[in-house]
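*Asks:* Read off the chains here:
Number of protein chains: 2
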Amino acid sequence: MAHEITAEIISIGDELLIGQTVNTNAGWMGGQLALIGIRVTRVVTISDHRQDILDAMSAAVADVVLITGGLGPTKDDITKEALCDFFGTQLVRDKEVEARVVDMYRRMGRDPEDILEMNIAQADLPEGCTVIPNERGTASGMWFERPASSQGGDGVESRVFVSMPGVPYEMKAMMTGGILPTLKERFRPPTIVHRTVLTTGLGESLLAKRIEAWEDSLAAARIKLAYLPSPGIVKLRLSTYADVDASAAHQRVDRKIAELHGIIPDLIFGEGEENLQQVVGGLLKQRGQTLSLAESCTGGYVSHLITSIPGSSAYYTGGVVSYANAVKMEELGIPSDMLELNGAVSQPVVEQMASGVRTALRTDWSVAYSGVAGPDGGTPEKPVGTVWIAVAGPDGVRSKRVHLPGTRDLVIERSALAGLNMLRKRLLEVA
Amino acid sequence: MAHEITAEIISIGDELLIGQTVNTNAGWMGGQLALIGIRVTRVVTISDHRQDILDAMSAAVADVVLITGGLGPTKDDITKEALCDFFGTQLVRDKEVEARVVDMYRRMGRDPEDILEMNIAQADLPEGCTVIPNERGTASGMWFERPASSQGGDGVESRVFVSMPGVPYEMKAMMTGGILPTLKERFRPPTIVHRTVLTTGLGESLLAKRIEAWEDSLAAARIKLAYLPSPGIVKLRLSTYADVDASAAHQRVDRKIAELHGIIPDLIFGEGEENLQQVVGGLLKQRGQTLSLAESCTGGYVSHLITSIPGSSAYYTGGVVSYANAVKMEELGIPSDMLELNGAVSQPVVEQMASGVRTALRTDWSVAYSGVAGPDGGTPEKPVGTVWIAVAGPDGVRSKRVHLPGTRDLVIERSALAGLNMLRKRLLEVA
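Line by line, the protein sequences give chains A and B.
Counting with my numbering, you get residues 364 to 794 for the letters of the first sequence.
Counting with my numbering, you get residues 364 to 794 for the letters of the second sequence.
Since the hints were derived computationally from the structure, they do not count as laboratory data.
Only a predicted model underlies this, so the values are computations on that prediction, with no experimental measurement involved.
Careful: at least some of the hints might be erroneous.
Since the list can't tell identical chains apart, any single copy or any two copies may satisfy a pair.
[To be verified] In silico DSS-like pairs for lysine-lysine, Cα to Cα no more than 30 Å straight-line: (1) Lys535 to Lys438; (2) Lys438 to Lys547; (3) Lys438 to Lys587; (4) Lys763 to Lys619; (5) Lys745 to Lys648; (6) Lys619 to Lys438; (7) Lys598 to Lys788.
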């Protein structure tokens, strides 16, 4: 194999060192770089001190050094000054960036006299760097090249330094919009073929047990498997190097994924970057059908998941969050004696919630949730984590009770996914 | 001031570098160390490679070096071997730890013959280190002291290295149970006083402009200020060293925070780890009042925020997510000609949404949202990011239009906070 391309990440920010902000950027960047065949060897997190920044840059030995943070307009942000020191250059105002910054503030409704010199100074950038436009904020990215030999490297290849803002959604847009494609073009790392299969319904260790024989067969196909668990979901990532012929590598992976579909058809709900709410939304859209929700213990979270997908208004009509019992009765047509007799967390109530919201909002489908998210409110019969979920559709109402582990947040998250997965399966049945 | 005590953290694990696991340990440790007056200057995250571990240890210059990860029983965990290399020692079996490990497996129900040599080898520890017992797992912590002079340091004080498992709840128990108190005893660091003031309603740069004179006055009080921005919120962290008398330092910070309340009373909504939904919930609870929500563009997210707080059922009755116009009309009593005339994103509609849900759910307060979250649906008159928000209460309905920047997720997030802050201010007015 050719020379492995390596990267280092320098994360700048006092808030990262004291845990006020969790450094999610570095891991995301590492994952994205891995996808194009560049391996991150080290992440260094430091504070907004000039000398610390210079030391970290001097110590870098990788082909690519990605730096985030310290590009804000306030006095504590000094990354640009450190970059000027390191590259022996100075700040000059970039007229194009200046116009963009002013325009951005204007579009946000800021009066021209309120656009401060501090804001305009966001257009002051180190002379000689390649400016990476920021579509989502005022801090530009900066791309520098420096011969490796001048740092005592092997002198064969130059080293690339890229400085980006630490705001995740600004950094991510820069990475995917320009930096990752340019790095791929520039270093031509060996191609890695990745595919990620999404599963829900079984935890990591039970899933591993069920696919054990299949997993053992991957080595012969030179495929590496990674389990990527998150609450309620386990992603299975298959990866392999493409030697000469990328299509052969794709075929090897395709074959193994087809086998996996034969082994756990009930658990797989999608692939890649999809999520369950997208998959469900896609199925509803295909069928031209609509959805409504009645949420008690999930408190609006499922509605939030559904509406986080652009275009969800095509199939999502709306929902009712019934936190007080009075709302359940009035909005969802639940008789008060049904509530008294069974309690809110019960099969009859959750089924009536589903039917009630489906009728009220005249949708094809509805999902209802009633449970004990905790930390309080549990009883010996209905401990924290007990959740009733119902799906109502053209072919009637069905419900099930689940017992979900974890804190309040996790019970809500896992309930949401369990209900969406019930709906997904029903949609596939009816099709 | 006495010599500042510094720490470095070395986080070991391939999974951290590719984003499979987010490195939450380092930030937590940094926060804990800050509380006892030890400043983390650098976090270095590396993979489970012997040379990378040795390089990171050699490069450390802080008084304390805390290492996590790589202590598991499997072959890819090699931190102990690297420690032996670094300190010129070797692994020896610790009989006491061996007994504890065997006992731990037994209590987990493992048959004695199923306790593998791999598991027993968890009791092999570098000769000469001080063993830190692990109450929650089989990997012991290890404490090493090394004269700074042998590493080219100033030779005055020795450097402490502590190696711990990467499993967060094992590491945390070791830190709070023994390492933090011992470090405090050993280094007697100066006490740091921290307080964080939470603001919403102005971005970082406009806020900085408004408190410029106050910020300039902090130096004389030996207080450092940090801006910690996140979407819709800017936290202001004040910190200072307590020299001899900690109460004097508290007074200095208290005085400055009191001044700040005088300058930006409209922007401050809380302190420390609070969030806006907690503050609003607390105000409602104090008053014995109730809340309902009518959400269009926010799609249930505000309801989710409110219900993410344990005990929110005491004041939150429920809400309606009206994604389709039909839901707005029926559930919230909006005349169809009002919708036709003004469009859903308009002042009359959002005010009727707020009044409608307040009446339907018989609550003291309600908040309603109608806007264009994007990415589609914007028009020249109502571009993406245009959001109408109304608060209805005992003293009537008031509304305002905001223009919020960012992606769909951010428009939703910022809308939610803007509405909760409107509600907070109204609650304070009426009080």
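*Asks:* Work down the list of hints and note, for each, if the structure agrees.
*Replies:* Here is what the structure says about each hint:
Taking CA atoms no more than 30 Å apart as the test, Lys535 paired with Lys438 passes inside one copy only; the shortest distance there is 24 Å, against 34 Å between copies. In this assembly of identical chains, the alpha carbons of Lys438 and Lys547 never lie at most 30 Å apart, being 35 Å within a copy and 32 Å across copies at closest. In this assembly of identical chains, Lys438 and Lys587 lie within 30 Å of each other by CA distance solely across copies; the values are 12 Å between and 46 Å within a copy. For the identical chains of this complex, Lys763 and Lys619 are neighbours neither inside a copy (33 Å) nor across copies (56 Å), given an alpha-carbon limit of 30 Å.
When the C-alpha separation of Lys745 and Lys648 is checked against a cutoff of 30 Å, the pair qualifies only between copies, where the shortest distance is 26 Å, while the shortest distance within a copy is 37 Å. Within a single copy, Lys619 and Lys438 get their C-alpha atoms only as close as 54 Å, which misses the 30 Å cut-off; across copies the closest is 19 Å, which meets it. Proximity of Lys598 and Lys788 under a CA criterion of 30 Å is satisfied intra-copy only: 18 Å inside one chain copy versus 44 Å between copies.
Consistency note: the structure conflicts with the earlier hints numbered 2 and 4.
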